[in-house]
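Visitor: Since each chain comes alone in its own frame, lean on the hints to assemble the complex.
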Amino acid sequence: MALADTTQIARRRLSGGGWWVAWLIAGAAFVALWWFGSGWPVDYPKAAQVPAMRVVGDAMKWLVNEASFGIFSFVDLTRFIAALIEVPYWISSSLLATGLMTTAGSAGVQIFPPVSWIALIGVLGLAGYWAAGWRLAALVVALMAFIALFGQWTAAMVTLASIVIAVPLGVILGLLLGVLSYRAPLVERVITPLLDLMQTVPVFAYLVPVLFLFGFGPTAAIVATIIYAMPPMTRLTVHALRSVPAEIDELGRMVGATPRQRMWRVMIPAAMPGLMIGANQVIMLSLNIVIIASMIGAGGLGFEVLGALRRLDFGVGLEAGFAIVALAIVLDRLSQAVATKLQFQPHRGEDRRSLIARHPYLVASIVLALGCGLLSLVEAGFQTFPAAGQLSTGSFWAELIAWINVNFFTQLEAFKDFLLLNLLIPLKRLLLSLPWLGVVGLVALAGLQLGGWRLMLLTGGLSFLIAATGQWEKAMTTVYLCGIAVAVAALIGIPIGILAAEKRRLWPAVQAMIDTLQTLPSFVYLMPVVMLFRVGDFTAILAVVLYALAPAIRYTAHGLMQVDPTLIEAGRAAGTTRWQLLTKVKLKLAFPEIMLGLNQTIMLALSMLVITALVGTRDLGQEVYIALAKADTGRGIVAGLAIAFIAIIADRLISAGARRTKARLGLK
Amino acid sequence: MPKTLRNLLSALALGASLAITSLPAAAAPESTDPIKLTLHDWTGQLITTQLMAEVLKKAGYNVELVTADYLAQFAGLESGDLHLAMEIWATTGQEALDAAVATGKVENLGETGMQAKEEWWYPTYMKEKCPGLPNWEALLEPACAEAFATAETAPNGRYLGGPVTWGGFDEERVSALGLPFEVVHAGTDAALFAELESAYQRQAPVMLWIYAPHWAVAKYEGEWVEFPEYTAECYADPAWGGNPNEAYDCGKPFGAIWKAGWAGLKDKWPGAYRGIQGFSIDNAEMGQMITEVDLNGKSVQDVADAWIAANEARWSAWIQ
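Same order as they appear, the protein sequences are chains E and P.
Under the working numbering, the first residue of the first sequence is numbered 70, with each subsequent residue one higher.
Under the working numbering, the first residue of the second sequence is numbered 170, with each subsequent residue one higher.
Read the hints as simulated data drawn from the structure, not as lab findings.
Take the hints with a grain of salt, since some may be wrong.
[Stated by the list, open to error] Footprint (simulated), chain E over chain P, 3 or more residues, beta carbon under 8 angstroms: (1) 224-238; (2) 358-369; (3) 479-488.
[Unchecked claim] Sample of chain E residues at the chain P side, in silico, Cβ under 8 angstroms: (4) A176; (5) F281; (6) G284; (7) S363; (8) F372; (9) L375; (10) R379; (11) R380; (12) L381; (13) G384; (14) N474; (15) D486.
Keep in mind that this is a model prediction, so the values were computed, not measured.
Don't be surprised by glycine CBs; every beta carbon is placed ideally from N, CA and C.
Here chain P stands alone, though its shape is the one from the complex (with noise of 0.2 angstroms):
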């Protein structure tokens, strides 16, 4: 039996690995079986991970870092098998997390501090053909739509939204505000990004779906169309809004990222739950850090590492 063995062996080792440590005199981890973090395939996700384990490790932990699927590890976070999952996008995710959660078996452990933006994005040079942009009032113009259009969809405009399981009302938002524009879904965020860098490339005309923070937006030039601003009645109450007899006539909601974990993690490392839910990050700290991996070619864990060294004060605060 592996774990048997494994345990063998690391007796054998303990006196070994006890002088080899580096850890600070942080209180003893009330368990050293590994907090396993998972690890999803976006920049941003892998560092905030990173920040989060090397904290871990400083307060004594043991740590192991997984890769599992954004919506899949769901799965495992309510069995045990998984302990913690550092991004949870109240915008994609929401639903299978309230889902998780309500089987009593995964914990809500806070936000990240990061919020999530996503609307309409289109490059700057669009604006030359489309002048009234970022009002979104400037769509309703048939040579402004057309001006985004493809065989396809013409005259209409061609808008592209996330996969369908982001959600969105993007269908419904279009026919409130009565917009001369098709939606069609890109089946994946890789789709999204490959279409906006075609398009960009050429310099050729696109509006979709983007979100932040991101290195997209590092990376392209381009600006987020203005919608009525959201608010709750606007998604609730068809008599909100420009257009009295349909809801969503406004924009798309900022959201929370979560920090979302297994529910037996505050009883086997009381410390490391606290310290979890103490982790904050802001979307202009990310954003830096994302920009100097995907566009500076840094890695992950030189990245993780410059920040722990610079900011001790504040993750030491949370592992107080």
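Isolated chain E (complex conformation) (with noise of 0.2 angstroms):
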């Protein structure tokens, strides 16, 4: 604790203005480090690197072909889940895809039809109309039956089958340990570190351990997707429990509510809209992953998409990306209203009409499915959406890219040549040539300023573990790529959201837009991107900025949204401009969900350096892909978690910054 103690002295003493001398006296060394050093301090020595890959490597071996429990080995535990998870997922697959079989494979006979295209259209806009009218109805029949218009109902169907056993699982999982972390400390304290983890480690990384310990198939790709997609789950629960007024809970405490019943019945339903953001972010970032998950088995749209693009068939490509984006928007919209609607029903008491009064959508649904199946024992559209009515782009994209390219791409290379030469690789060579030594430094400083000692010791650590797994040259072109990516996707994303929250109306658009380039696969903009920018840096930083966009804009807004309107009432009476009211009352009260939203963005952008890897940069992306095709897990995980470190390092030093700054402005 004596170490404690001198850093809080030396804080207190610090704190009266005199961080500015430590900074510049840790700038000089940096500098004089930089100009002069040479050797070790620059360049981290082979000779003293950790083996960490290899260990690793050996670690998840013996994993794989070892590790036992006893009577039972940890692949057995890990199948048996693999056997629960696929009891599910087989009823919802041959409901929705491939029909009842007698046996798997080409031998196998059908017994009973998918469901028919028309009764599943059919069931949904009722669900639409029922939660929430005729609008929601409309929009959920208009998007499905784009699906079938454009010919990836049968494709679709396969990925729908999946996710619709993914979303639940991640969204019950997420809440749980989000309650559990809410409720005891130390569990948050252990599972804030897995989250990033998860968020942040490349899918490509661990997927060949999930093969092995879940099975190559749609199994695998669901565990791969709850992995990834859980995240933001727990957190939101987490910070969606926090915010809710102390009152509520003394409420339910006065009225003599037991723990478990405040929790359930009093905290839930008051958090339940930063909940319904959670469950949002499950369903957006699982069909986010379609593409991966289509590699390990799951088929489906991701399948449709790559094909399409190795083919360079921008048309069926962009086709079936939109598909995945509606399906996107017709499972989110529908919880959404399903979640109010059942928040705000009435206990009814013992209904004694009959079971058509009672449940005349149920019934509805019911008899739609039966007749339409019977009717396709008849007609076969009724079953498959007949392929003489489908529509297609067909070569419509491919010119119009072909069109710009011809024309406009000379502009275009211009534009791309002056950013390159001028701005992205001169700091690309600065951030290359700074001494390793330095860095860590500097980091840990900025660690000890913002939160203490132990936060010096995480961010210090971290990056001196980078160094010395060997991985500092690829991970500063990661933090190059990402912080360029990052910084503009906040300078764009922030005003549209605030745009978005002042101006209503502008929402549903804004909202639709957001979903969009969150869903819509990176691929099917990627190839002509690479047509018109060529293979490299700034292809790899458009498309990640494109990517990262969605959270910087969704927390700004929803922040603005949810601010106090007492508050702003409050403010308007004492008199202040539609300016003041937004920069001095609104932003600094959505300060909070603004920083969680920067925060994201750095999660999702770091996500995406695997794909970046896919138009040929020289990152710790690229370096997991490289593992993936040598077979090489260390490799790959030892890769992974340096990208997991970085993400962690920028998260813990925001947020370490925004309480500061929350201290500062009187906030709680």
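Guide: Here it is as structure tokens:
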């Protein structure tokens, strides 16, 4: 504790404006090291590298081949979990995609066909009407009809079959973990870094072990989806529960509710808006890795996208991509509406009316499904959408890209070259030339200033580990790519978020746009972008910006919309102008939420790294991808962890900074 | 449990399925479990796999086609979740295949008969700016290299190599042959062809890694650069070839396209195992089928059916 005391004293002494002296000294030392330094402080010596890759690789081998609990091995356990997940998957897949088969494979005979397309659209439409009226019903029907019209129905059902299993599992697990962390700070402390790892270690890094443990197929894809999509649910659950006003919890206490009742009957309903954002994120992220899931046996729309782009068939790629977006929007809007409906539905007493009168929608849905099923025996068009009626944009998109390419390539190239030669390349050179020891020192100092000696140990330690495992150069390339992308995404996204929150009429359009950005597989626009901008850093940054824009907009808008109306009224009463109201009241109160948004922007930018590897960058994402190609689990996981470390350092520094700012602003 | 349910259902429907199946009087399969073949995202592989699946079906086997990533599939092949991969290219998947075979859980089932060709490639219109092509020595001319340059690489030419994962020793080749070129790596196959399409539309300079069998060779007019022919010594021995101090002063090797399967395949479906080993098809046939699908818009299923109908003597010999 002596160390803690001294730093406390040092901090107190420094807090009176002494920090800038410390930074000046550190900065001078850094520059000196940079200019005059050579040898080990600049390039981490190979001899001192930690053999992490080999150790991790061996550990994974042990886990897959030998780990055992005595009676059964670790693999038995994971295979058992896989078998448990396979039960609901088998049901959903039979119902939606394959129909009930006698046996798997080509020798199987279909006993029952899957649900007819007309019936499914009808049932979803009815659900929309029941939950939120004809507008939602029309939206749902239009989007699902779009999928059918463009010939993506069969593939979409394969995707839907695994999504309807992965999303509820992800939401429930995330909610439970969130409640647990809210109740027990110890759990939260253990879980937070795990969540960071789940969100930022690229799926490719642990794909191979997951395949060994859970088997190759839809189940492994579902497991990978849950690992990737669950963390925001837990995070937002904790955040939402904390934001519930203390009076509400007090009220629960006063009416004599048990802790369990207080949590599930009082706190959870009160936190519902925040929880629903969590559910929204789980849906969006699940559909976001449809492409990767399709690589490990989930098939469906992801496979269509990959195949189409491999043939450079942009039209079909875009159609399949938008089918993913359509699914995401249908699932999200329906689940939001149903949750709201259920929450406000009054408890009715015993109902003596007939079954049909009590459940008109349920009965109508069943009648519709059965009716269409019977009709399809006579007319095949009821079962699968008739091929003759299908639309396609055909070669339109390819021709559009070709037209832009032929007519505007020179201008685009000039613009790109200007940015590359004047901004990107110099910045990259600068970052790569920095001495590792100096950077570790500065990161540690920032940690000390913002959060004390614990944070200093964490940020300094993690950045040292990146150097010690031999990842420094690739990590700096990563910082360069993601740093620029995050800065651009925040510069564009935060103003759009403010605009959407100020002019509520714009919000539905903005929301549709960010949902599209987040779920449209980046592959769909990556290849046209490659045609116009060639492979390289510029293309990679463009793709990351487009993807990471969504959280910057979403959290800003959400934070502003949630500002307590009474405070706004108070501001108005005090005679503020609109601008003052925004800058002095709303933005300040929404500050925590906006910081959470920035945090998520960084996380998503880092999680996109593997995709940037596909256009030929030389960063940690590429390292993970190479490891996958060489079947080198250790190498992949170590590079994946380095990505996660960067994320954790950024996250902790930003959070600590936000806390200090909040304290200064007098927020709680 | 889906498995038991499935078994129950299959027992119930046994009579029906026996009546319905139109299997020829082939020897009964050793196991009715489905043999899982992997599908990747390129047309040639889809055709090869479809052909194999049709042949195995003719022999009475139950097959299932599963989408899987080219590299990630090895995990499935080792654990026995997947059973057969029809196209492992020596040029791109050799390391992963060797690693898998070394575990003893995966078996190399021999060549498919197709040979992978890959080399530096350029569109024919570039011959105007660089008349000495396809001879590689033409690339040594500064004017010729500059014709292939971009702002980032000037005055050197820009050569777009395959994904780093493909290897290929292009940096070494550039250095050994003293070529005034800079190697830029495309991250994926799709990015490689997107750049080619873009350049071809504008009749702009481009030099890149192209492999065959592939539809690009049929769609775009162009040629492979002719480097000194590959020999094993060229890669191993610096003394060999034009540059006495460095290896890799030659072209890229041709490579086999392998079939690979789960090691348990031999015992579980011995008949299918022999049929798979027998499978053989050559580049010309495959090139033609790929063109039918990618450029003439036919479906993979139709093209495969047509081949099966036309070549009965060949495939029945495989499953004898």
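Visitor: Take the hints in turn and mark each one as holding or not.
Guide: The hints, checked one at a time:
no., hint, in the structure
1, 224-238, "holds (count 8)"
2, 358-369, "holds (count 8)"
3, 479-488, "violated (count 0)"
4, A176, "holds (4 angstroms)"
5, F281, "holds (5 angstroms)"
6, G284, "holds (5 angstroms)"
7, S363, "holds (6 angstroms)"
8, F372, "holds (5 angstroms)"
9, L375, "holds (4 angstroms)"
10, R379, "holds (5 angstroms)"
11, R380, "holds (6 angstroms)"
12, L381, "holds (5 angstroms)"
13, G384, "violated (13 angstroms)"
14, N474, "holds (5 angstroms)"
15, D486, "holds (4 angstroms)"
Figure legend: structure checked against the earlier numbered hints; hints not met, in rising order: 3, 13.
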